[in-house]
Amino acid sequence: MAILEIKGVSKHFGGLIAVDEVDLEIEESEIRGIIGPNGAGKTTLFNVISGFLMPTKGRLVFKGEDITKLPVHARVGRGIARTFQLTNLFMDLTVFENVSISYHKNYHQGLVRQFLHTARARNEYEICRQRTVETLKFMGLGPLQNRLAKNLSYGHQRILGVCIALATRPSLLMLDEPVAGMNPEETLMMMELIRKIRDGGMTLLLVEHDMAAVMNLCERISVFDYGKKIGEGSPNQIKTDKKVIEAYLGSGENNNNYA
Amino acid sequence: MQLQKYPQWLLLTGIFLILIFLPFLITSQHLMHILILAGLECIAVMGFIAQYNVRLITFCTATFWGLGAYASGFLSTKLGMNFWFCLPLAGVIAGCFALIIGLLVIRAGWVTFLMITVVMAEISVEAIGHMNLLGGWDGITRIPRPAIGSYLFLSKASYYYLTLALVMVCVLIFKGLYKSAIGKAWTAIGQSPDLAESVGIDLFKYRMIAYVAAGFTSGLSGSLYAHYVSYIAPQTFDIIRSLYISIDAVVGGLGFVISGPIVGSIILRAIPEWLRIADKYQPIFEGCFIILCALFFRKGVIGLLSRYVVRPDEKSWKGVSVGDPGD
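Chains as they are written, first to last, in my numbering: chain S, 1 to 259; chain R, 1001 to 1327.
Bound conformation, chain R alone:
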């Protein structure tokens, strides 16, 4: 354990410094754009993994993401609210939706839960598409840019820092949760729900916390997304987007709750965009990666890398592989 700590700390500082100075190193605006998108997506992926850890497999991560985006878009265009109010409000709205839906469906068992999330992902797109108040199929356009005083966020670099800050906030939220007794309970549920219950862990309560935390952070991410691209449409948040988010999680490594999502979403979002094949070959790219994962690195890219850093026996539960969830 001691051996592990030093390089990890060094690694984190190194990565942080690189992230801070990245806009000065990258001149390509296109690359900055895809980094921002990857950053926003990785927040949703963290939520997915938190839910996966308590054995809730969900296909509506993008729905909560979209909920945040739509909440923010509606509040800012129709009610003329400031971005800095919209951002937390979007999170709270998405979190409240997660709370209500969670209360209804989490007790249903994981198969039913999964099916309901699939249905929800489909219905929400249809519902928003038919709602004139929310712009229907045309979506919401001209969402105002965030501003501090007279400074307007316009350049890619400024959005990059905004995204970085938001990712940091979400990392801190999830890190805090995982480190606390809540995280311990999550781990226990992920390892064996029966045993967790028999030592006094309230499965429903801790699943609920994971679900709402994921909804809240996804909402935050969606809000920034809406203000960044300034145009949102229902199709952006369909089930395929949720599927991509879950594939990000698998590729990064399901056992790596913070680093996995970041690496996974950068690999799957950035590489195809960077090679400019995203619009045509994205599904093929995602498919290839998930097959590679299943065949060669079941613990994800980070699991593959960490094999060379830590001896398998020294690390504890972080090496959990892609397995059958069961209940």
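Excised from the complex, chain S in its bound form:
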């Protein structure tokens, strides 16, 4: 069953059509890759799904519920989490604080109880603390938990970004270029982690430029060009798809014109 259905979604910026009538179905516990040349509308689609942009047309259905009009924080409540392309962390906080803040939506106590710091609220903090420690351990950041986020290495910062998203306990995790700018060693580490997260039963959607990583990780890949979906299938199908090759390498006709 599809966990997320995107039905005819378009996003226009003035006259520019960034995403054009896209239909996409993400199956439960798969790793879906979205690839395409620069400016293909991948990140725009990403922002539309997470709620940072409202679609001009079309509908989004998550677990059978229409989420098209929901604001970002409500979508997080339904189980959609995302990371950012550029490193976006709570830089002046420690690693531990970064992750524990993300457990925010798991606080069920009312504002008054939180303010008065009642026993039940304290109990929730304790649970939150334990879960934070678990998450950090799972992602291998345990030993760094008291370091400030801004003092971490780039690779660790990216992993922390994933940790923060994970801590909202999503069922769909969207990663925006998770291995961009990483060295080969860090890339391998991140890929390992992404598989580990999927094995925990989560659905992953990732936008990525690193072809090797995408081909390696994803079960199915959707290819975008000029805001349109031009192909979909397993990595092997994608590699041999004529339209996809054209989009990436340019069509033969154009090459002849220049020759």
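Any given hint could turn out to be false.
[As the list claims (entries may be wrong)] Derived lysine-lysine pairs resembling BS3-like cross-links, with alpha carbons at most 27 Å apart:
1) S:Lys63 / S:Lys239
2) S:Lys69 / R:Lys1179
3) S:Lys228 / S:Lys196
4) S:Lys150 / S:Lys7
5) S:Lys150 / R:Lys1156
6) R:Lys1179 / S:Lys137
[Claimed, not checked] A short, non-exhaustive set of chain R residues, derived as facing chain S with CB atoms under 8 Å:
7) Ser1180
8) Asp1194
9) Leu1195
10) Asp1279
[Stated by the list, open to error] Only some residues are given here: those of chain R computed to face chain S with a beta carbon under 8 Å:
11) Ala1147
12) Ser1150
13) Met1168
14) Leu1172
15) Gly1176
16) Leu1177
17) Lys1184
18) Gln1191
19) Pro1193
20) Glu1197
21) Ser1198
22) Ile1201
23) Asp1202
In short, the hints are calculated from the structure, not lab data. Computed from a predicted structure; not experimentally measured. Ideal placement from N, C-alpha and C gives every residue a C-beta, glycine not left out.
Once you have looked at the hints, place chain R on chain S.
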């Protein structure tokens, strides 16, 4: 973290004891007067910082302060209400105004919000100035002094203790907020609104809480101010007063949510008054301090001092410097 706790606790107790016995040590009535004013102002500064932390920069802190003062003045002179009823009512009235205005303007984004607060600060002075019911430009005079039974609050020392109690209440309110999950959400918003939103924090709701909490406490402070000076006029609560409040916050240190306002308002309110240059040179004094802050101690006076107490890497977000708010 452990290292930090012990001296902090000791420091707080020490400061508290000094504050309790201060009236016995200070004989100058003038000095007591400026300490009371600084104490009342620091409550408004705490509100300013709470709002700054969720990236709402406001220039109408003094407006809510004045709202509290006017509410209290009106209720006590025209309706003959007791100070002890006026005080919480003034807070609630200012809080309600903050709620209504917040509902309208917080979603507008920080630049629009800032502009609207500037306009509000100006309009409120004009509006009250033209309202005969509230005394117009002449203000409200002869606001009754607070009393418990037959004891009337008249001496500076008695007002000092009243102010101290009110500051303590507000410190407890803000401390409670910052320590709870609400405070965590505030911190997250202050660090990165986008990321905070993407982990499920409702920006509007938590900005609203900060805004209303600031309005409420400023209202309380304004009420006591009105009963202390027993005369209020619209010009007292103009935009320059709001500007001074924000400068207090910067000088104390924007990352220090409780100690910053106290130190900032004492430095900027008390020193010029004490040197008796306030009426002529106050703007110059404020200006010099803000330039000094920008050049030499961007984390405020407390940031400057705490550099010698804690290693920078050990403390977490409290060292946030004066930066571009952005959104």
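Exercise for review: Would you list, in rising numerical order, the hints stated earlier that this structure does not obey?
Suggested key: Structure breaks hints 1, 2, 3, 4, 5, 10, 11, 12, 13, 14 and 19.
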